[in-house]
Each structure stands twice: as structure tokens, then as C-alpha cells.
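Q: Please work from the sequences and hints to get the whole structure.
Number of protein chains: 2
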Amino acid sequence: MKKNINIAVIGLGQIGSYLLNEINLKKKDIELKTGKKIKVVAISAKNINKKRKYKIKKEIFYKNPIDIIKKLDVDILFEAIGQSDGISKKIVEISLKNKINVITPNKALIAKHGDFLTYLAEKNKVNLEFEASVAGGIPILRTIKEGLATNKINKVYGILNGTCNYILSEMEKSKETFSNVLKKAQNLGYAEPGNPKLDLNGHDAFAKIRILSSLAFNKKISKANCLMEGIENIDFKDVEIASKLNYRIKLLGITEIINNQLFERVHPCLVKKDSYIGNVNGVMNVVIVHGNPIGESILQGEGAGPCATSSALMSDLLSILRGNIKYPFGIPSAKRKKPKIYNIKNYNNSLYLRFEVKDKPGVLSQITKHLAKRRISVERLIQIPDHKKKTASIVIITHKSNENDVQNCLKSFKNNRNILKKPTLIRLL
Amino acid sequence: MKKNINIAVIGLGQIGSYLLNEINLKKKDIELKTGKKIKVVAISAKNINKKRKYKIKKEIFYKNPIDIIKKLDVDILFEAIGQSDGISKKIVEISLKNKINVITPNKALIAKHGDFLTYLAEKNKVNLEFEASVAGGIPILRTIKEGLATNKINKVYGILNGTCNYILSEMEKSKETFSNVLKKAQNLGYAEPGNPKLDLNGHDAFAKIRILSSLAFNKKISKANCLMEGIENIDFKDVEIASKLNYRIKLLGITEIINNQLFERVHPCLVKKDSYIGNVNGVMNVVIVHGNPIGESILQGEGAGPCATSSALMSDLLSILRGNIKYPFGIPSAKRKKPKIYNIKNYNNSLYLRFEVKDKPGVLSQITKHLAKRRISVERLIQIPDHKKKTASIVIITHKSNENDVQNCLKSFKNNRNILKKPTLIRLL
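As you go down the protein sequences, you meet chains W and D in turn. Offset between the first sequence (1-based) and my numbering: plus 9. Offset between the second sequence (1-based) and my numbering: plus 9.
Heads up, some of the hints might be wrong.
Note: identical chains are not told apart, hence a pair may lie in one copy or across any two.
As the list claims (entries may be wrong) - EDC-like cross-link-like pairs, simulated, lysine to aspartate or glutamate; straight-line CA separation at most 20 Å:
{"id": "1", "residue 1": "Lys12", "residue 2": "Asp395"}
{"id": "2", "residue 1": "Lys161", "residue 2": "Glu40"}
{"id": "3", "residue 1": "Lys344", "residue 2": "Asp38"}
{"id": "4", "residue 1": "Lys369", "residue 2": "Glu412"}
{"id": "5", "residue 1": "Lys398", "residue 2": "Asp414"}
{"id": "6", "residue 1": "Lys253", "residue 2": "Asp283"}
{"id": "7", "residue 1": "Lys12", "residue 2": "Asp368"}
{"id": "8", "residue 1": "Lys121", "residue 2": "Asp283"}
{"id": "9", "residue 1": "Lys399", "residue 2": "Glu365"}
{"id": "10", "residue 1": "Lys347", "residue 2": "Asp38"}
{"id": "11", "residue 1": "Lys182", "residue 2": "Asp283"}
{"id": "12", "residue 1": "Lys281", "residue 2": "Asp244"}
{"id": "13", "residue 1": "Lys12", "residue 2": "Glu131"}
{"id": "14", "residue 1": "Lys228", "residue 2": "Glu40"}
Quick caveat, the hints were computed from the structure, so don't treat them as lab data.
A: Right, here's the structure in full:
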């Protein structure tokens, strides 16, 4: 690689403009560590005049990012727009085809088009780096690719969405409802003000899980939907009851290989209060890797925000400048096979079930009868009456039960007039 | 780098022989990930006939490792003997001078001769890799060099010695004395059967701290002795009292930059029971990095043993095979300056002090008078009488106090007949 490196930054929102500032601040340090002189030769965004925390050089601004590729000699391009398709995909695709290295924090893009873009990168012998797409500042992709390089990994899981973790932690701490805490999160900038749906419904964490799976297990990115549930239906009542039972509720992303089949899922989990993961609160992320021979490795750090994201983007930049690794997913594209998908109907797990019922004789036995019929055995049962409303909450922790049996069982309560709401189901870790 | 890579493994103890087995098991995986075919062409150890868990190929055994360099075309050499000088240093030195890449888990060697060996590696344009020298299977060196590459790091600390952490955790759990738990650790293979001194007195952790400092702060390896205390004088009584006060005792290694000066230390610490580090028990290691912009990053994993060490050695191997990074300490040797050393006399910290005294009037006031004279103010004081022996333990938690004042104060009790033993001092984190 030549000594002088030209860089373009596309997208100048929170991430892009913070990154630009970091690049300028760290130029000397980068030259010291890599021997390369870097220069930002082009920037692009929707709006040149938008108010930004850091000033931009208007003389290198391009309205249309495609023009940059056509007109300039760029070596490394940062894509920080963040769409799964559209201009994000277009600019990354054109860059790779023009032998330009690409760095992006865009999990939606990689989860959706990562296989194709990887193929392009390998074909054109350039790097496609996306450390910032998973768990922000935690260098988890690099750790799996390099630090744990020859370990046989069979499970990766963790807290991958800081917004959800903040909301769940804060509900427990402040004893406030989901919607109140969501408003607080929006005011603090932890949740999108307009549409926080992609964070809350598990979609964001699922994109990260897809990337982790394909890297950890050396497979193509899965297109299958195993199990994705968000935290929108978590009631303060659940947080409170879980706490009394010595649990906390966390939104976890989990990917593992069971009998050579890939089982990817994102859903709320009850985790023990004295467990490691039970004590990762607020906007922090944590990723836990099970591998052989290494055993369990845990990485914790800031999962989002311009600081953490920039740290990861810069590590990608240095990796390219040092001439490191070429395979975006650790092994050549052609060797990555499609994963076989685990059938969730075979899945057995302990569950937390909460039924809101009319407080009258016989209701409890109706529930337990149905459970027994489906071979769902009860480990613990708590009935909490609400005398004013003449209702009760019945909380059941089950022994390991089959997912399919449980879903069928819950369906059978649908027309039961004594059960006032759709029962709440939260899986135990 | 050519396609076929010849490897030599020197030292076939627990680590070396496990590593050999791993290399054989992972050959295909390595070729997939790096495109290189590796072959172990030579091995060496003191004794060819020693009983080993994995069989060795006697036809590639060399009694004198120097012969391997002379006679064969080796590309990568593993040094797994473990001496800080002697044959370990000799073989690494000769290898680097002969343009052979070197991988070693030998912290004693790197902490003592790392600067010189790094100079040799850079001069001969080969890699010197030592990920396994610090925190076993936790890829902390790679994370600092690559994952957090452009962060400005100001503090790195953690539990770096699994033996000590096991002993301290086990004392709390089993309520047994130091010497009993040490015996247990020796039986389990966690502590050296003959001479566990280097683990217990902090020497082992200190070597790791020296390596971490020079990498994190881009300085030459310090030769100064700031502060090194082991766990040999920790009494079960201290573990018990700490627990009542909601603390645990951990042997920590801490390195930080204070006013541009390097402060390296290893000593037992009182850490809060509900803190992250307070819950890392048994033989686990943890490293915490404070950097800007990343904030706090935590890495936890197995700190010792052949599995963890091999995982790190193999990550070094892949790094070399992929043609990664050339500077062993992240930046060129010539740019790494000698660190200025912090004067511990300026250090202020809260302390736990335990005095064993005769249980008679006036003793407490003698102690508190001396403390007051040295401006050491008391945050908490507990007196625990032993009526049978007519003695008492006086435990004091101080406000932040100056290290020099405290040491002078403790000296002044030396000839006090009412104080039955040298007082115990444990710093708070």
C-alpha cells in the first residue's frame, strides 16, 4: 500500500461528524502506528448546511457521493449513512468494485447484504470492515477473528442493544412504567425520538446476531427468522415480580449451534441477579463467547454513541492501514456454507408465565389443568391478588418445557373469559 | 510470505505439548483462514523421554534448540521454556537475528528483555508476539494494539494472577486459612507445588503490568519498582472482616498515568462486593481499560492453563500467517520513550488498617493519636475483642491519606508493646 492514503466520509450525522473530528485529532498517532499519512479528501451528506457539533470543510463537500468515486482517487471510504439498502448499498458496492476499501458501522446493510458485499471485496482484493456494526466500542468481531482465531465457538450471546438495556434497568431502578422510561430514554438521546421501534422490537439486536453467527460459525448470513421478540410488552409488573424472584429482565441476543444447526434468537430473558449478565446495566453492552479450548470469554463496554462507534471505526481504519486480514468474515466467501436452521419447535426451556385472571375459585385449576395436558410442569407458582379490582396475577416458573407445547397451550387460553389478557411469556436464560 | 510455513516448538512442558497437539488439530482450519500450510519441523525439550499427555514425534526432536536454527529452515519459533534469561533469551535472540518470527508466552522474558528483543525483531523485519504472556486467554494485548488502536489509554488494571485470585476467593468461600487453601491450590495444579512464591508475592502480576504499561502508554518497559506486595500476609481474619464491611480482597495489578508519570503497582485491594471486579472469582482473570473516547472496557476470561495459553499462542500464529502488524509494542521502538516514574510518596488513598493489640484501656487512643499526628483521618473504626486472649483487633478504614504519612505512622508503632504484630495494611480500590 502506498504511503499517502486518501479517505472519504459519507454521511455526516452524529457518527460521521464525530469520526471526522477523530481522524483529524489522531492523524499523527496513526502515522506513528502504521507509517501511513492519511488525508480526508471528500465528504458527503444530504445537507451541507445542517448544524453540526464539529465544523466541516465545505470545499471538499460533495452533494452526490457517487461523484467522489468518479472524480477522486480514494483509498478508503467510510459509509455512515445507515440504510440497509438505497444509497448506502449503492455507494459501498461501487466503492468495492472500484477497489476502494470500505468501513461501515451499518449493521442493517451488513446483515442484509453482507455476503454479496464480502464477495465483492474479496474479488477486488480490498477490505470490507464493520467492527462498529456490533456492540459499538467492544472489539468483538476482531476478537473472534483474531484474538480467539482458532477456537471452535459454539455460542455467542449478550446484551446487544443499549436502548433496551437502559429501559429495562431504569424500569427496575425508578419503578416507572415502560412508556415513561421510554420518554426519558428519548430525552437522553438513548432512543430515537421519532420511531424507536427497530431498537425496541429486537430488530436491531437481530441484525447484530446475524453478523456474529456468520463470523463465529464461519457460515453464510442466515435469512431465516428463528425467534425475535422485543421488550414492548414488558410490564413494570414483570420487572417487579422478577426482582422478587431474584431475577432481572434483559433483552438478549443469542446464537448457538445445536446439533450442527443454527439457532438465532433475540428475546427478553430472566437472568439471575447475581450473574455476570444480570449486572450489566444502563446503556452498556456485553458479549459472551463460548469456545474450545478457551472456555468462556466476556467482553463489556459501551455499546453505542459516537465515541464508542468511532473507536471501532478507527480500529478498522488502522487494520486496513497496517495491511491486515482480507476476509471480512474470517474465511474465504466460497468456503462459507449456508447454515442449516434449527427448528424452534424442538426447543426446550424454562419459562416465566404471567396470567392476569379474575380472582374467583377454579381459575387456577383451569390454568394448571391445561399446563399439565401439554406436559408443562410447574417449578414455582405465585398468586398475587388485587382485591380492589377482584383480579389476580398468577406467575408460573416452569421446568424445561417444549416451545411448541407452550405456544399451543397459551393459544388454548384464548377464549377463556377468566383470563383477562394475553399471557406474558419470558424465557429464562 | 511463502505458502509453506515451518514451525519449531521449544519447550514441551504443559504448555508446549498442549500447543503441539492444538497445531496438529487446527492445521486445516488455519489453512482455510490464512491460506498457509503449516508444518512442525522441529521440537526441543530438556528430556525426550519425559511422560507427556500428548505423544511427541521423536524423529524431529532436538536436544539443543540452537541446532534447529543452524540446521533447518524455520519460519516461526515458539519459545515455551519460560525463563527470564538463559536458554529462553538465547533462543529468542538467535531466532530473531536469523529472521525467524517468534511467539512466546514468557512474561518474565518480555518484561525483562522486551525492549531489546523488540528492537531485534523490528531490525530483522520479523514479528515478536507475546499475547499469551498477559492474562492467558484474554486477548488483551491485541485488543489494546488493534481493537482500541487509536484510543488514548490512561489506566489499565485487573486481576492478573489466577493463583492468588483462587486462594483469596477460596479463603472467603471455605473459611479456611491461607496455608490450607494454598495446599488445596497446589493439589489442584493452580499453584506451583515447589515454589509458589513468584505468584504469591506479586512478581508474576508485576511482569504483566510492565508489559501492559509499555503497550498501553507507548513507552519503554519500566525498570522502576513502584509498589509490589503479594498476598502472603493476608490473614483469614482480613477476609472475614472485609466481607462484613461488604468488601472482598483481590490482588490487583494497576498501571496508570498520573501527571504524565507512570505509576505501576501490584498489591491486595479491598474492592466492593457489588462491583464488577469483586465478582470475578476463582482462577479467572479480568482486565479493565480506561480510554478516550471509548470509556471503560472490560475483558474477562481464563487467565492461565494450557487451554487459555494455547488459544493466545494460536492467535499470535494466525496474526503472523496473515501478515499482520510488525511493531511488537504497537509503535516503532525508536519512538518509545523511557517513562517518567511517579513518586509513590505523593500517592493518596483510602486504607484498611488492622492492629492486633492488648485489650486494655488507652491502646485505642495511642493509635488514634498517632494517626491524627500524621493527618490520617478515620472514616470507620471497628474494635473486635478476643476475651479469651485478652486481645483485640482494631480495624480502621481511613479517608484518603498520603502513602508516606501512613508508612511513617506505622513505623512509629514499632516499639509499642501494646501492639502485638506488625499492623496489616490493605489499600482500597
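Q: Evaluate each hint against the coordinates.
A: Taking the hints in turn, this is what the structure says about them:
no. : hint              : verdict
1   : Lys12 <-> Asp395  : neither (73 Å within a copy, 73 Å between copies)
2   : Lys161 <-> Glu40  : between (36 Å within a copy, 15 Å between copies)
3   : Lys344 <-> Asp38  : between (37 Å within a copy, 11 Å between copies)
4   : Lys369 <-> Glu412 : neither (29 Å within a copy, 69 Å between copies)
5   : Lys398 <-> Asp414 : neither (32 Å within a copy, 66 Å between copies)
6   : Lys253 <-> Asp283 : both (13 Å within a copy, 18 Å between copies)
7   : Lys12 <-> Asp368  : neither (76 Å within a copy, 75 Å between copies)
8   : Lys121 <-> Asp283 : neither (37 Å within a copy, 40 Å between copies)
9   : Lys399 <-> Glu365 : within (11 Å within a copy, 62 Å between copies)
10  : Lys347 <-> Asp38  : between (41 Å within a copy, 18 Å between copies)
11  : Lys182 <-> Asp283 : both (16 Å within a copy, 16 Å between copies)
12  : Lys281 <-> Asp244 : within (19 Å within a copy, 32 Å between copies)
13  : Lys12 <-> Glu131  : between (22 Å within a copy, 19 Å between copies)
14  : Lys228 <-> Glu40  : between (36 Å within a copy, 17 Å between copies)
In this structure, the earlier hints numbered 1, 4, 5, 7 and 8 are contradicted, and the remaining ones agree with it.
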